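Sequence order for the protein chains is A and B.
Numbering that gives the first Met the number 0 applies: residue 0 is where the first sequence begins, and numbers increase by one.
Numbering that gives the first Met the number 0 applies: residue 0 is where the second sequence begins, and numbers increase by one.
Please keep in mind that the hints were generated in silico from the structure rather than gathered at the bench.
Predicted, not measured: the structure shown is a model, and the values here were computed from it.
Below 16 Å or equal to it, Euclidean Cα-Cα: the simulated EDC-like pairs (lysine to aspartate or glutamate) are:
{"id": "1", "chain 1": "B", "residue 1": "118", "chain 2": "A", "residue 2": "133"}
{"id": "2", "chain 1": "B", "residue 1": "12", "chain 2": "B", "residue 2": "222"}
{"id": "3", "chain 1": "A", "residue 1": "48", "chain 2": "B", "residue 2": "80"}
{"id": "4", "chain 1": "B", "residue 1": "76", "chain 2": "B", "residue 2": "58"}
{"id": "5", "chain 1": "B", "residue 1": "12", "chain 2": "B", "residue 2": "70"}
{"id": "6", "chain 1": "B", "residue 1": "165", "chain 2": "B", "residue 2": "126"}
{"id": "7", "chain 1": "B", "residue 1": "134", "chain 2": "B", "residue 2": "196"}
{"id": "8", "chain 1": "B", "residue 1": "134", "chain 2": "B", "residue 2": "185"}
{"id": "9", "chain 1": "B", "residue 1": "81", "chain 2": "A", "residue 2": "133"}
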Amino acid sequence: MHYDWSFGFLLQYSRLITIGTAYTIGFTILTAASGFVIGCVVSIASLSKVRFVSTPLVMLVEVFRCTPVLVQLVWIYYALPVLIGVELSPAVAAFIALSFYGGAFYSEIIRGGIVSIDMGQWDAGRALGMRRFDLMKRVVMPQALKRMIPPLVNQAVLQLKNTSLLSVLAVPDLLYQGQLITSATYRPLETYTMIAVIYFLILFPMTRAASVLEARLAR
Amino acid sequence: MSDNAMIELVHVKKSFGAVSVLKDISLRVPRGGVLALIGPSGSGKSTLLRCLNLLTIPDSGAIRVGESTMDFTNGHKLPRDKELAAFRARTGMVFQNFNLFPHMSTLQNVMEGPVTVLKIQPEAARETALGLLEKVGLKDKADVAPDKLSGGQKQRVAIARALAMKPQVMLFDEATSALDPELVGEVLAVVRQLAAEGMTMVLVTHEMAFAREVADSVVFMRDGIVVEEGPARQVIDTPSQTATRAFLSHFHSSGLPTVAANG
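So here's chain B without its partners, still in its complex pose (with noise of 0.2 Å):
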């Protein structure tokens, strides 16, 4: 494995029951990279992103986030839970649905991570948590219950909550997708900061407009198969294959989907 990657996916297959949802897929995100994930639903996408952080077991291949490996070819027996957790903690995930803890105010949400699996003092904890909630512009939303803030504002604690265990990398599974579409731009406009800072991330995404400006490449996936891989613009503005293509006409230049799509 190369040494300026900071993620490397080599060789990953997945498959739940009969129905094979990743079929051998190997990928490199280099260091400071952003990488779009786009395809149709059922195209192996988030299953491929929830491979990233063991959410989902691959069944063979291996796994590079930084300096760990996780090697899933056959004769190395299955990590155990301690070595899963290590791992994922590495690793920050944003879900489409927010996942925030309900029974936690969004300080404490925050805090959780750092408390809970770092071990660090919860008077540093409350600091840093502080800070990364100014971060996404919620400072003052610290003492709320999750359930009193808007779409958008949990999905920006839920970005703060991944990044307070100072992740290498960043997994965001369509995390704009459950918005309403006047929240999605303070979600974006969180992820475009961290993409300017140098966060390593990987998004799976329907916002093929943002996913051109943000992302340095993009990976097309149909049927647990990269059908395309290339730099963001070239694969967005000019696919070179015609699944891409097919795809792609499903949307604006805007990066919304159009109703009458001629693909």
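Okay, chain A solo, but in the shape it has when bound (with noise of 0.2 Å):
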């Protein structure tokens, strides 16, 4: 079969591209920051020992972790408003559901940085008599935080690969102006070859950074 294949007429469309792309990469930054606080939170309080504070903050994490993304940011659009009785524009339902999403994710990665440092290392900072913040902030983090940056990285590339489902919510991210220069030109197959290298350009650095740092801090 032949194929004419032609990219020129995307020139056109160079504005329409250059936003999506900024839209994809805005939100993953956003969201992988909010993602990191929620998911700080979730980690320590799910470390301490107190129950009714645990608990339901570990439920959350499930119920975002073992369901799929998509699912719940149309939920988030759909169905919380009925529920709060409150219109959620698609891009803050977008930001809440991958915002949550990649907490869940991260809670697991953070808490499991922790828990794996020495519990000599607690004990030696106690003994020296720092209290919990100071212990947390001087010891266990330093440590805890290397060991996590390889999969909080992993985790940030897939937080930028799930930022195509915001097209299903007419938020303008790269795939949704792919959709849009394909519905006006009829070249699928120039617009999402396009699209995808796009996607891999920005995140085959990212990857490439991490396995470095990664590399580095074994040392």
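These two chains come separately, so use the hints to put the complex back together.
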């Protein structure tokens, strides 16, 4: 079969593509940051021995870990407003879903990093008279963060790919713009190829950087 | 509680689940005294030592170090994080596995307690820390990472780190058990020096010869009780209890365990 490849027409859509890329990257950074905060809170709470704090949080994490993020997106956009009586814009609904979805996984990474620190380190800090906060800040976290970085970067890569699901809520991310261009030009092959290439160009350096970092931290 | 004792334990009990690890222990260590805790593994001696700075919280009893008393008898509520931290800051502890902070240099390890806990200015803490590293013979290793040190050097840094808090007492939890035999001496030399300076110390140790030489008194524990206690030479040379004799028969007079024990 013969197909006439032609990428030239995409140039006139460069503005849409730029906006889409900005949305994709912006949403990734925002939701990775908010997800990290959620993950920190949940992991520290779940490590606490106060059951009435840890149990609900652990259950929340499990709900977000064990349902597809696409289902979470549409549920928060279409179903949550019925419950709380407040209309959510697509961007806000998407932000909530991706933040909590990311947070669920970040919390496990952070919890794993904290519990991987040898009990002797906790003993040593306590024996010096450190209180909980200083113990975390000065002894446990500096060591745990090092171990968390590779899986956190990995999760950020997934986070960026998950932003492609924003298109179902008509948030103008990279994939959504691709759909727009396709419906205007009837050229899905070139359009989606370019979209895939842009994702790859963003993520490939990230995964490379992650493995370099991992090797350096392992030393 | 009497005045001349630096450390006093009264009816301390501790269980882990169904296992009773400490069964009603009472002990006193006079100011400047050195007490060696000996006994087979599982006898409760390490748990007892950890109770002394509340890394392990007793189920009942009372513990006094210097002027601070922690009472765990019925009706007393458990101390809070702040009270525990303040109590621990006045006791120095040295661990079997050193537990140096691997993300800090040797000097930073020694400065950490004074700067973070005592809020001492870094410049002043640095001077003190360098002085302590010199005292343990490691001033030239100040900027080295702990994982570049030998076991004996690590343990000497750990001692300096504990001393930096200007503790009233020092606790040693099998401080030489993880060391290669040829490195034991350099650590014991530091402990010996501290004893000579009049530091009140409690040593959990398997170095019988060292305990005999440096400790004033020895407590032999088995199964969570004090079987025998007395002056170090008396307990080690002429134990009065069968269980003590059986335990000590595993050691040469050199302090090293023998292979063919007749106990």
